[in-house]
Amino acid sequence: MGRTLPSITQVFLQEQGSFARFRRALRRSDQLALDDLFAAAHQHLAAAAYASHALPFEVFLLAMLLEEHKEVMRLRQLVEESHACSNT
Amino acid sequence: MNALTNLASGKWGLVIVTREERPVLLTLAARMAERGPLRVLDGGNQFNAYPVARAARGRRDVLTRIQVSRAFTCYQMLALLESTPGPPCPFLLLDLLDTFYDETVPLIARQRLLEGCLHHLARLSQQASGLVSISIPRISNPANSSLLEAVQNAAHEVWYSDLSTPEPQPLSLF
Amino acid sequence: MPARTHELTGWLLDLYPNQEGWITLWLLGENGQRYRLHQQFPVTFYVAGPSERLRSVWRYLQEQAISLHLCRAERRDLFSGMTTVLAVEVLNPGQQPNLFTRLSSQFPDLTYYDADIPLSLRHAALYGTFPLARCSVDVDETGAIHRISVLDSPWELDLLLPPLRVLALEPDVDPAHAEPRQIVVRTPRACFALDLSSPRILMVSLKAMLSRYDPDLLLTAWGDTWLLPRLLKLAKENPLPFSRDLDHPIVPRAERSYFAYGQVIYRGQQIHLFGRWHIDIYNAVMYHDYGLEGIWELARVTSLPVQTVARVSPGTGISAMQMVTALRKEILVPWHKQQAERPKTALELLAADQGGLVYQPTIGLHQNVAEIDFISMYPSIMAHFNISPETVGAERPTAELVPELDMIVDREQPGLVPQTLSPLLQKRLKIKSELAAMSKWDMRYKRYKACASAHKWLLVTCFGYLGYKNARFGRIEAHEAVTAYGREILLRAKEAAEDLGFNVLHMYVDGLWVQKPDCSQVQDFQPLLDEIHERSGLPVALDGIYRWVAFLPSRLDQRVPVPNRYFGVFQDGSIKVRGIELRRHDSPAFITEIQMQMLEILAQAADASHLPNSLPEIYSLLRRKLSDLRAGRVPLEKLLICQRLSREMGEYRSPSPVAQAVQQLAEVGKPTRPGQSIRFLYLRGKPGVYAWNLPEPPDKKGVDTAYYAELLLRAAQTVLTPLGATRKQLDEWVLHKACSIPLPFQPGNQFTTPGL
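Chains as they are written, first to last, in our numbering: chain A, 480 to 567; chain B, 4 to 177; chain C, 136 to 891.
Don't read these hints as lab results, they were simulated from the structure.
A hint or two may mislead.
Residues from chain B shown here face chain A by an in silico Cβ test under 7 Å; the list is partial [unchecked claim]:
(1) Asn48
(2) Asn51
(3) Pro54
The model shown is predicted, which means the values in this text are computed figures rather than measured ones.
Beta carbons: idealized from backbone N, C-alpha and C, even for Gly.
Generate the whole structure from the sequences, applying the supplied hints.
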């Protein structure tokens, strides 16, 4: 009834699927890390849909980077706290 | 593919593909839009803009040159062609007959509407080139063959993809 | 010389064309008498096109042996404005449909308006009538109506309904399952059974019943598909006064399957009566949701006849309302004419062709969460922002730019769709707020609930209808404008929540789930509700505050959240569930009942920290039920899977369970139509499937208990995962009866599922 474009979830799965060969050739532990990246991007599908970007993969990459940075900030805080503890 | 993009104006060509091959036409749309403005008329709910964008490498200037309108019933298809102003702009009509396979509309009405569509196709192609596609339906119905024939007769050139070619085999260009 | 008339007051039951060229109206008088009246009612349709063609039409029509009145007129087309048309007034309304069919096949190139409008809608547009409307009429001795006025309105909350006489008929057993032997007859005061083996006695008794009791409503089970067709056959030898109006022959409407709303819909055969209503509870759409009171409400609000409204899909109801509004405003109702979409660039299509915003929820168990919903968001958007097929894209000075889209909307001239929806929306809001404050024992509660369901059902489809390809006043741009507004509004709600310090746990098209430390009472969330209303302009309500709610992950990957898949308990103890097994149509009753029981056990916990205490009870419940299953103590009906047949059934490459069930039924002479549901069991070995309603009962011992056990454990896992239980643990405690049950659970305000 009027929906011409696939949903953002379908687009995401297609993009993820297009890296299937790359994934296959990676070592098993690297595959898991790659899966983590895609799971991270999956958290932000609504924003990716709203963005209406012509090349959605660019937005998914940005979402992966976003999650990575959040993790960095979290770890940075942990490190600082642990330094603070050991200094007292 | 090149032959398709080099159609002379004053004529419109017909491409017959299988349903699985339809995405090729989206790449074609991107190629045509790289050269200049393109009018896309979508009669099969086919215009998935993502593969078009990928084929155009995300170039916004190319994507804004494509003007697309959709028709969801055969009545809308005729209304769409009626309201499309004269050229000069090449046009790509995806799946002309898809909405005409609807059996809730009497065949006589569908034939009349199709006649109107073909008349407007002739008008639109007077000053710019045009390409019309038809995809072969999953369930073939003998009643629909009269519609297919009418379109084939009105087209100036007809191309078949490898997979859609009926026997015996005429020249295929894909 | 004017005829002598007297006044009657009563409720309008039915109206339809009669054999004398007028229309028959049935009035249930205030004095309790049922009156059969008639009225002159010419109907008009319009033809547009080139002048010489219209002249040919004129000549053609004059040659017809039908009383007509022809003239040129100017009327408004919704999109193209004032148009010159040929107005064809047909004095005998019963002749109009046939005349139109002939005319349109003779002149197929012309444009027709107001050509296929149901009679009751025309009457509603002219006189304001609707089924069960209280009216006053002036009639003469022959029963001819000289004046009719309507005394009440479908938008009233409370109404005085007449005492209707209901006669219920049902076979003693489901005809699809076995051949019935008796027909049970029920009135409020009597109940008895008649044997089908003595048809003469049966028919004589029924005839006496119908004549003496003279019901307004014949309420049946399988009346459309089995009972009335059977009685009609018997009536050939023993006539029966099915209708009150015996002059009108009964013509059954054939069954059909059609494709709509993206799926195949099956409509069974229908038997409509005259002067009396026939409703088949198994062919009445949504009957089980809101009963007869909902049907009366739908008929009053849409102006469609009761028998029609009970059987149609909601799209027809909305379409009817739009047609009445159009007729009243003298806007032409097109027969086939449709609007083409205005061109958009490929980039604009990327932005426009989106649905509602659907966010990934924060997985896990959360406490004191408020669910805030926009009330009927899409219809409210249509009404508030004046979105209608003719207001979108209009170039007028007062037009406003729609966010994100390069689209203009005219806010000044009220559109057809907003005008149609506004009274319905207002009534919905009023009823919702009355219900919120009402006690369950209030006399009005049941009726208000039925009305609320009926309104919701209608409103849910009006959005889809806006862009629907076959809708008379549909336009894809209007559909896209609504979703664009919807996305914008949800984002503003999110911003309001975040600006006020709330944590947004989940968002789904028209609702959001928020949480803030120290906020657990209604008044804590009121400022947020006010702020959202302020920023959006739309009505918004607090659906409830959850004591706790669990947002569930995907079964395949525990890290991946799934939108709209959760369960929780409100502060008043009620449970809300979305997206899990018990909400799925094809789940067997055995599974849905047990899953619900598990949730009820969890609901008894005072708060989230007490949830672990419920685990022992849940595990023992599961063990008991599993043992019942294996011992064959579960009734077979509870193990039935229910699925619908889609049109492509005949094209399956490898037979699916549904396909096999269909095959089995076809082999015993019970063909299945596309769109119909099939019920079947899973059996061990081949063929693996047993279609319900086969003449031979299945072997109870052949049930595939391993399969059902697996379904049960999965359903249990869905419920227990937020509490930290893994499938492995579940198997140990339930299947292997482990003695000690360690508690894996750390209570707290929010936690995530332990990694697997």
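Here's how the hints hold up against the structure:
The interface hint given for asparagine 48 of chain B is met, as the beta carbon of that residue sits about 5 Å from the closest beta carbon of chain A, less than 7 Å. At a threshold of 7 Å, the smallest CB-CB gap from asparagine 51 of chain B to chain A is about 6 Å, leaving the interface hint in force. Given hint, proline 54 of chain B at the interface with chain A, is violated; its Cβ is 10 Å from that chain's nearest Cβ, farther than 7 Å.
Comparing the model with each earlier hint shows a violation of hint 3 alone; every other hint is respected.
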